[in-house]
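Asks: Residue-level listing of the chains:
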Amino acid sequence: AQSVTQLDSHVSVSEGTPVLLRCNYSSSYSPSLFWYVQHPNKGLQLLLKYTSAATLVKGINGFEAEFKKSETSFHLTKPSAHMSDAAEYFCVVSGTVSNSGYALNFGKGTSLLVTP
Amino acid sequence: ETGVTQTPRHLVMGMTNKKSLKCEQHLGHNAMYWYKQSAKKPLELMFVYNFKEQTENNSVPSRFSPECPNSSHLFLHLHTLQPEDSALYLCASSQSPQGAGANVLTFGAGSRLTVL
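Listed in order, the protein sequences are those of chains A and B.
Position 6 (the first sequence) corresponds to 6 in this note's numbering; numbering is contiguous.
Each number in this note's numbering comes from the position in the second sequence (counting from 1) with 116 added on.
Isolated chain A, as found in the complex:
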């Protein structure tokens, strides 16, 4: 079975400093991995996805993530945090496909706080 573990439930950074949100995955085969962001009172929005092409994936709003098979990690980073980045971030692994589609396993989320 596929699963993800988000290592921090809360992360606080100052505006203009780097962001690192950590995610480890467990999968019996090469997974597809995603990061979604959820702003207050909004639905989840796809930030980026990894599907076995380049290991460094660039997403929207300056975010990127690096797939490291040896470390089973897919950490999300951004060089400089902006106040608008304050939100909940979800790491997701895609499992096997069935009639109901791909089983998506969501992490519990990391709440990012950006202080002035």
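Possibly wrong hints are sitting among the right ones.
[As the list claims (entries may be wrong)] Which residues of chain B face chain A? A partial, calculated answer using Cβ under 10 Å:
no., residue
1, Val120
2, Gln122
3, Met131
4, Lys134
5, Gln153
6, Lys156
7, Pro158
8, Leu159
9, Val176
10, Pro177
11, Ala208
12, Asn219
13, Val220
14, Leu221
15, Thr222
16, Ala225
No lab work stands behind these hints, which were simulated from the structure alone.
Backbone N, C-alpha and C fix where the C-beta goes; we use that ideal spot for every residue, glycine too.
Since chain A is already given, all that's left is putting chain B on it; use the hints.
Replies: Just chain B now, with coordinates in the frame of chain A:
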């Protein structure tokens, strides 16, 4: 506004009430999903519909009754709910459950349900 619209955004109901949540997608997708988001828990998949046919019921209690009249509309009928059913209910859609882009979901903003 995203391509997936959910109404109402907020709903308060008693345990004996009957209400419905509505979801509409304007993306031409063929698969639609209901997820439950509770505080401090990973997103829980409830139901999947593929071309109007239900393909997944993730052991959801019968007090939740989904309906998918066409590929663009999805309902969640609620009756005799319990206080522990209070949560954010998210609707999502994808191109299809198995094809290219199947594991990329577009989410609505959610319906915040409070059961008294």
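Asks: Against this structure, judge whether each hint is valid.
Replies: A quick look at each hint next to the structure:
Satisfaction of the interface hint for valine 120/B is found here, the shortest Cβ-Cβ separation to chain A being roughly 7 Å, below the 10 Å cut-off. Interface restraint check for glutamine 122/B: the shortest CB-CB distance to chain A comes to about 8 Å, inside 10 Å, so the restraint holds. A cut of 10 Å between beta carbons decides the hint on methionine 131/B: the least distance to chain A is about 26 Å, and the hint is violated. Using the Cβ-Cβ criterion of 10 Å, the hint placing lysine 134/B at the interface with chain A is not satisfied: the shortest such distance is roughly 25 Å.
Taking 10 Å as the C-beta contact cut-off toward chain A, the hint placing glutamine 153/B at the interface holds, the least distance being around 9 Å. A distance limit of 10 Å between C-beta atoms decides the matter here; for lysine 156/B the minimum to chain A is near 7 Å, and the interface restraint holds. Interface restraint check: proline 158/B against chain A, minimum CB-CB distance 4 Å, threshold 10 Å, status holds. This hint holds: leucine 159/B has a C-beta 4 Å from the nearest C-beta of chain A, less than the 10 Å allowed.
Violation of the interface hint for valine 176/B is found here, the shortest Cβ-Cβ separation to chain A being roughly 13 Å, above the 10 Å cut-off. For proline 177/B, the shortest C-beta to C-beta distance to chain A is roughly 19 Å, which exceeds 10 Å, and the interface hint is violated. Taking 10 Å as the C-beta cut-off, the interface hint given for alanine 208/B holds, the closest approach to chain A being about 8 Å. Of the supplied interface hints, the one on asparagine 219/B holds, with its beta-carbon coming within about 4 Å of a beta-carbon of chain A, less than 10 Å.
Hint on valine 220/B holds. Least Cβ distance to chain A is approximately 6 Å, under the 10 Å limit. Annotation: interface hint on leucine 221/B holds; nearest CB of chain A at approximately 7 Å, less than 10 Å. At a threshold of 10 Å, the smallest CB-CB gap from threonine 222/B to chain A is about 8 Å, leaving the interface hint in force. Taking 10 Å as the C-beta contact cut-off toward chain A, the hint placing alanine 225/B at the interface holds, the least distance being around 5 Å.
Of the numbered hints stated above, those contradicted by the structure are hints 3, 4, 9, 10, listed in ascending order.
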